[in-house]
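Participant: Chains as they are written, first to last, in my numbering: chain A, 1 to 464; chain B, 1001 to 1464.
Hint data in this document are derived by calculation from the structure and do not stem from the laboratory. Careful, some of the hints might be misleading.
Heads up, simulated DSSO-like pairs for lysine-lysine below, C-alpha to C-alpha not over 27 Å straight-line [stated by the list, open to error]: (1) 1456(B) to 1359(B); (2) 359(A) to 227(A); (3) 1460(B) to 33(A); (4) 456(A) to 359(A); (5) 33(A) to 1456(B); (6) 1033(B) to 456(A); (7) 460(A) to 1033(B).
The structure displayed is predicted, hence computed values, not measured ones.
Protein chains: 2
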Amino acid sequence: MNMSRTRDTRERLVVIGGDAAGMSAASQARRLKGPDELEIVAFERGHFTSYSACGIPYWVGGEVTGPDQLIARTPEEHRARDIDLRIRTEVMEIDVDRQRVRARDLESGAESWTSYDKLVIATGARPIRPDMPGADAPGVHGVQTLDDGQALIDTLAHTRGRTAVVVGAGYIGVEMAEALINRGYEVTVVNRGSEPMSTLDPDMGRLVHEAMEGLGITMVDDAAVTKVLTGEDGRVRAVATENAEYPADVVVLGIGVRPETTLAKAAGLPLGSHGGLLTDLAMRVRGHENIWAGGDCVEVLDLVSGQERHIALGTHANKHGQVIGTGVGGGYATFPGVVGTAVSKVCDLEIARTGLREKDARRVGLQFVSVTIESTSRAGYYPGASPMTVKMLAERRTGRLLGVQIVGREGAGKRVDIAAVALTAGMTVEQMTALDLGYAPPFSPVWDPVLVAARKAAAKVRAS
Amino acid sequence: MNMSRTRDTRERLVVIGGDAAGMSAASQARRLKGPDELEIVAFERGHFTSYSACGIPYWVGGEVTGPDQLIARTPEEHRARDIDLRIRTEVMEIDVDRQRVRARDLESGAESWTSYDKLVIATGARPIRPDMPGADAPGVHGVQTLDDGQALIDTLAHTRGRTAVVVGAGYIGVEMAEALINRGYEVTVVNRGSEPMSTLDPDMGRLVHEAMEGLGITMVDDAAVTKVLTGEDGRVRAVATENAEYPADVVVLGIGVRPETTLAKAAGLPLGSHGGLLTDLAMRVRGHENIWAGGDCVEVLDLVSGQERHIALGTHANKHGQVIGTGVGGGYATFPGVVGTAVSKVCDLEIARTGLREKDARRVGLQFVSVTIESTSRAGYYPGASPMTVKMLAERRTGRLLGVQIVGREGAGKRVDIAAVALTAGMTVEQMTALDLGYAPPFSPVWDPVLVAARKAAAKVRAS
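Okay, chain A solo, but in the shape it has when bound:
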């Protein structure tokens, strides 16, 4: 089938995308099958491989000194493990029938076909860029890739003014607001929603709004950016909404991402309602025995709602890669799904969530009770005890845990893991009240905040 070369007896794995999912898959496949059994070719259109995009805000903010620290494994390190890694090479087409991909060397422009026995699609996500005048002006930056991060850092180094506008107030938005505050900018966050962090219910988002204002960040909610205004030099000078203008020497777009599935769509592979590839539990593309997909380009099953979702998160991408590589290597592993756990911080404010928000629960037709409690991270008398708010949703009558949201300071964020495990196990809030959680005064009040919420939720379920 492949006209361009003589096939040897080895199988060939082709990987599209050199970040977490793709290269985890390649590495795990290599662990299971040596180069005498399996040839591995990986294409990456950027300069970098296996990096932590989640770390970009901390690089921009100065906590991390350079891109090298964010790279788990360089192209050279992958090559040393007998992975034929081709950077700056973009796959332009997947030919499913003839089991081959067409790739372009972005330096030379040369194109060629490479055949595969097994294919891994790990094309990631692309940032949503607002369709408005000036969105491409110099000084306007996304922060999706290390290349993006480097470009933003270069801009910051050459910008005299100290005003910054962050468009969007999700994880990327709030983390970039922290980064720019840390670099001494006057930061305005412009956000379409009624509160920042729309992955939280608005009442919890309100706490984030207030805390961010307390950090000196100007929060503009309920506002859509209509255009980016440029100066005589063509560079950004301000951001305009319907009602106002906000001066900006630099603009960071943190509006969110969509699955990058252009290639997959053109190849006729199955996409879900969020535009992501659909796979089975072993991360095989549905209906295709020899094609796997993972990372930010797939949809995942939400184990709480039973619906497919798109979640771009490095921890999932790594798990996908591990599962895919095991499957490619002839083993068996599965990725059962997610419960929607996420954690973030803005300076010392910690924000976490898992499971369903009120609106998610309504959307899937669940009847629920909701409680919100205040507690502290440590025994109230222990130094450093800081306040935290925990919101908990449980199904009416059954009492099944549906979701938890936490906003607080040090020690708040990772407490969401308790709820994440309980959600995965299908626990009721009544069962959670008896959980044997770690207690000592420096670590928790005698009733952990999650237990306090569970008690209140259980009482409300009983009364409902």
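Take the given structure of chain A and dock chain B to it, following the hints.
Facilitator: Coordinates of chain B only, in the frame set by chain A:
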């Protein structure tokens, strides 16, 4: 039946013991039944009620300024809620047949009988005091009650020398070592076991040993104290083991505790093999419809081993009290058992465990695999990432999680909660590999340390 007074139509609840379990029970019962329905009489032999004994090391160490901060509710506050609280009054006898208790006013010595319709026994635990010469000498202190804590603090205030010996290297021992270090003492910890923290396996205890030595604490393992040596003034001057003498201006006993069930035993109530009261799931004493028991004087079911254990821990006592008060008040609640979670710290060293150690698993005849991994609390590149060691035990073949032990720095301890919930839910380590835990660089590596351990354990189970 009660000769001493005319019964009114109200029921009377008598509570023996004014700390966490007893007063939580009384408070919860009061919430459910007003004073027109239920009279509540509580006896406490000490001066204080509802206090955090777990906080005593931090009071001694100076992180907490005084006993008031450790008191959740004073006798006066309880009385304001219509609880007839009698401090410095010791119950001397329980007369189960006639439903009454005999109490002695410790100031006047006067004794009287009080009848009950319902009885709560929350007599707590008593510290193990070594049977050796000098154990009662001035300068030798237990730290079980606030009165004990105050006595130790008074001793420290009047002691010129700066040497301290802590006998025992369990939770109380290591926390008291920290407290005394914080007060500027030269601290020696003398410990019978081969390593400190016998609630961990010895390989993990070794990490604690090394870290405590790193803090300047002299660790003496495999050594039993044979006597306390006193000076001419009768005060402690040193502690002797079979092989050596350790100078000591003050000695703290942290050897452990036993259930305080003298009264219960004399009354013929059922005790388990550890000397604690045996109850049903609703914390009713077995065979006694109108007697409940909770807190440090009961045995609890270990949900992992299926055996009864004695665990003196404020968080359990509070849960027991809540369950008992609900039952006394006519509601229904249960305490299903524990998985053996505990967390502690020595300066910046965090120590946590849940489930079974290797020797526990052997004792109950389980075949298991054991893995130990090293990881970090945050993404490796994020400032403050600190190393942590996670040990995980899983049953052979089934892969059921059996136990987790963690030793590390900031962010290590409370990660044990992930395992505590997974144990409660009966998860396998394979299932744990897919847990959707909170990830962002300031909070966790992309594979949380618990997931890294679960992956390694799952691989070992598959290979076993």
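Participant: Looking at the structure, which of the earlier hints fail to hold?
Facilitator: Number 2 only.
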